[in-house]
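Residue-level listing of the chains:
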Amino acid sequence: MSWSINTACKTLSTRGIPVAAFLCSAMLGIAQDAPLRLPSHAFAGQPVSIATSGSGSATFYLSGPSSSMKRDIQLGQNIDITAKDVQSAGRYVAIICSGECSSAGFFVAPAEPASLAFLVHPSRAPVGLNDVISGVAFPFDQFHNLVLTPTMIQFQLAAKGTTPNSRAVETHSGVAWFRTNSGKSAGPLQITVSLSDVNARRVVQQVASDPCNLRIKGQRTVKGIQVETEPVRDCSGNPVPDGTIVTFTAKNGDDVSFVDAPVKQDVARATLLAKGAVVVSAASGVATGNELRIGGKE
Amino acid sequence: MISCQRNIRYQSRIGGSAILVLLLVSSLSAADNSPQVSLDVSKASPRSVEPLTQRSIVRDYRFAWANLDSALQSNSAGPLNGLFAGTAHDWLKDAVTNQQRSGLTSRYLNQRHKVDAVFYAPAGDVIELHDTAEYDFEIQDGNKTIHQEHTTAHYVVLMTPAADRWVIRQLQAVPEF
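Sequences listed follow chains A and B, in order.
Sequential numbering of the first sequence, starting at 1, is according to our numbering.
Sequential numbering of the second sequence, starting at 1001, is according to our numbering.
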């Protein structure tokens, strides 16, 4: 795509006569072509040759997304733009000034995909949750231009002990994405995105979900009532991580006392100082455990 | 004496009004020159754009374009800091450096941006916008205007959230969407 503009009408527009300037531009656009012939297709990182017509010396300018150049040229000769000067995809304006200025524009398209920007969330996900893991991939060429042509991208999800799950997604407007449930078992989930020989890998740590079915046992000792849980696991049987808090509650009539204890090596332990006959229970997250009745003894 | 005081009061009122009018005119003129941005989030998926996010994006996108114009007009990379990051920042910084080297400046005047959010990541960490921008683009070599056009351009934009703002990471012109 290209366009041409002759700057002879600029004075009109700068003096606030936009309609006259528009008509003037339109007439000049029909009557006189810019002395520039641009390539119909240009790609990032590939040299461009611009043909000029006429004779004599002139000044050539090129303005692009990240480039700007000025050089003396001879009209009638080709202007060679190096690959380095057209690395950024986008819109370029080529201008030739010889007395008056003429300009033409062209677009530079991205090159082939050379890298993938891959965003995966979250880094840790509880097991057994729907649509909790998502990934977004953007293909870029070697010059960091976003590749916008539809491209098939392969996502592969592999967790230990399961068959890798693979899916192909076509990019729309330069983006491909997926969303998936977390697995049933705790452990690393490797997510690989690939496009031809370009690939990127991320790891989501699948962790146990909230505790499920707490079971406690306890006995009175000289120091008080010692209580502990059986190994604390989520509803899929994964041991909950160390540090998960279990709250033990001791009730003796209207007297209620609480002790918070962290899970350590699957088990949470605490000593309650309650006297008399008490009912001990435990809770962690939304899970509650069995009640334990312990008789009074000084 | 009294009439003199009244006169002084009257004059100071007129002076105050004149200053107010001048400030108003100057602020209106500044407002006219600042980019106009409208954002349509109805096509955004898979996540819908929250109203607060929408307001932040409009605010930051408008400031970003004002800063882009300022950087390329003054040939200073300073205005690019803060609202541009990654590739967008590098490209614009290079554009400023190359303009300085060749003695050129450029301007984006009377900007109107009609922006559509086309993709908003499930985790909300990246948004893709399609901007149909209308502006007067001007390139100057010293004091001589060598290019001037009123144009409609299309930009594919990637923005990501930073601590207190949305930053532009990719600003890529395309022939059409």
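Hints were generated in silico from the structure; no laboratory data involved.
It is possible that part of the hints are untrue.
[What the hints assert, rightly or not] Listed below are several chain A residues computed to face chain B (Cβ distance under 10 Å; list not exhaustive): (1) S66; (2) A109; (3) S134; (4) F138; (5) W177; (6) N181.
[Stated by the list, open to error] In silico DSBU-like pairs for lysine-lysine, Cα to Cα no more than 35 Å straight-line: (7) A:K70 to B:K1093; (8) A:K84 to B:K1093; (9) A:K70 to B:K1144.
[Said to hold, decoys possible] Covered, in the sense of this in silico footprint (three residues per stretch, anywhere, with C-beta under 8 Å from a C-beta of chain B), are these stretches of chain A: (10) 145-155; (11) 165-176.
Beta carbons are placed, not taken as given, at the ideal position from N, Cα and C, and that holds for glycine.
Handout entry: Earlier hints that do not hold, by number
Key = Number 6 only.
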